[in-house]
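S.K.: Sequence:
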Amino acid sequence: MYLTIFDDVVHILHNDYSGCVDKKGWDNPSFYRNQIKKLNAAENSDEMFVQIVQDYLLDFNDLHMSFKYIGEMKNTLYEVGFKVRRYNDLLYVVSTGKEKRVKPGDVITALDGIAISDLVEIHKRRLMEQEAERENWNDILSLYNRASITDEAGKAFDIEVDKYEIEPVQAEYSIEVMTEDTLFLKLTDFMNHDAIIKLISDNELLLVNHKNLIIDVRVNKGGSDLAYLELLPYLFDGEVIDLKSFDDGVMLTNCTIRNVELRTKFLKNAFSTLEDVSTRNQINMMINTLEEYKGKGFVELDFSDMEESLLLKTKSGPESIILLTDVYCGSSGDSFVEICKNSRKVTVIGWPTLGLNDYSNLAVMGWDNKFELWYPTTKLSKVDEGKGMSGVGIQPDIYIPWSPDHIKQDIDLQKALEHLQYLREYSC
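Residues 15 to 442, numbered by the working numbering, are exactly what the sequence shown covers, in order.
Hints may be right or wrong, so weigh each one.
Restricting the straight-line Cα-Cα distance to at most 16 Å, the calculated cross-link-like pairs of lysine to aspartate or glutamate (EDC-like) are [claimed, not checked]:
| id | residue 1 | residue 2 |
| --- | --- | --- |
| 1 | K37 | D73 |
| 2 | K329 | D424 |
| 3 | K225 | E333 |
| 4 | K401 | D216 |
| 5 | K225 | D73 |
Derived from the structure by calculation, the hints contain no laboratory data.
Go ahead and model the full structure; you've got the sequences and the hints to work with.
M.R.: Okay, structure coming up:
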């Protein structure tokens, strides 16, 4: 069974994945096939198989791809109970969950006796980043048994690294009044169209009557670009927003038979959960367009029927807008930041986003209700021009280097408020 599934995965990545031409020859499937042949009917074979396939996917250097175990036991859905960020040659605990033996500000100096500087080299392939502040150590921590820690008082101690079941993260779509002039809007993903649309419509008067707006997408797990269209009219001036004018290239869709079938299935499932009529109509048009090009390989889809939806009439909104960004903002979060940077009213503050959209619009292939492969089906033409966002993200207008000081205070938000004060004084 495992070899059959793995061969399917390899075929998909060689033919259906939108990076299949660009990354031809990057992978070494025979190496992983030999590892899979050694698996037996042991209790943890499913988990081992997932780890092997996940390691194989690293060959493609694409953070938008994943292979998951979705069986009843959810063997792979565990974490160490805290999160870290690297600064120089140390890992700083930035937040804690179920793990109570560490606290924010504690420093990890080694894992299983291996210094962090050495671990960076060992896991260079998995980290996929050039800058320390962009690295994701969450999965790497779970590979080790012992962490050497120094707390803020200088006390050194070791802990055995435990694993805790991951609890679903609740999305947050909220808006609050910070000051008489300033609103604070937080969007942790763009997955729930109806909830985001309702948030915007319910708070229209606030958006119209406040001069300043801070939008926090530092953690934004993506979703669908359609989910933020209702917000954009408040973020731009002029009469209309021509979304098509912001494109600096074309999007090519790999319209293999498999991709069209999987994408239309995914879109139909999304359609069934939506109430907003406009969004439902746009999804219908996307499905019809995909079906038209089924089996034709890489093409630029004709969305002329949707051109009217790409012209948004602006609305009265805040005069000055700050976007707070970080490397934990990706996919549709990337797109949102990239579009908003075209507005005269918007200033982006923080760190570059994750930068997932060179290859995007994921399809989901499943096996036996047990395993899932998520992979991109579209490619931006600017990748061929060396202008892709992989590894660099969408750049902020004001970059704030990460430091341990961020653990104790919200330096990004402070900078945003200072910048709004500067704009207010400058305009007087």
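S.K.: Hint by hint, say whether it matches the structure.
M.R.: Here is what the structure says about each hint:
1. Restraint check: the Cα-Cα separation between K37 and D73 comes to about 9 Å, which is no more than 16 Å; the hinted pair holds.
2. Proximity of K329 to D424 is assessed by CA-CA distance (about 31 Å); at most 16 Å being required, the pair is judged violated.
3. Restraint check: the Cα-Cα separation between K225 and E333 comes to about 5 Å, which is no more than 16 Å; the hinted pair holds.
4. Taking the CA atoms of K401 and D216, the gap is near 39 Å; set against the 16 Å cutoff, the hint is violated.
5. Simply put, K225 and D73 have alpha-carbon atoms about 48 Å apart, too far for the 16 Å limit, and the pair is violated.
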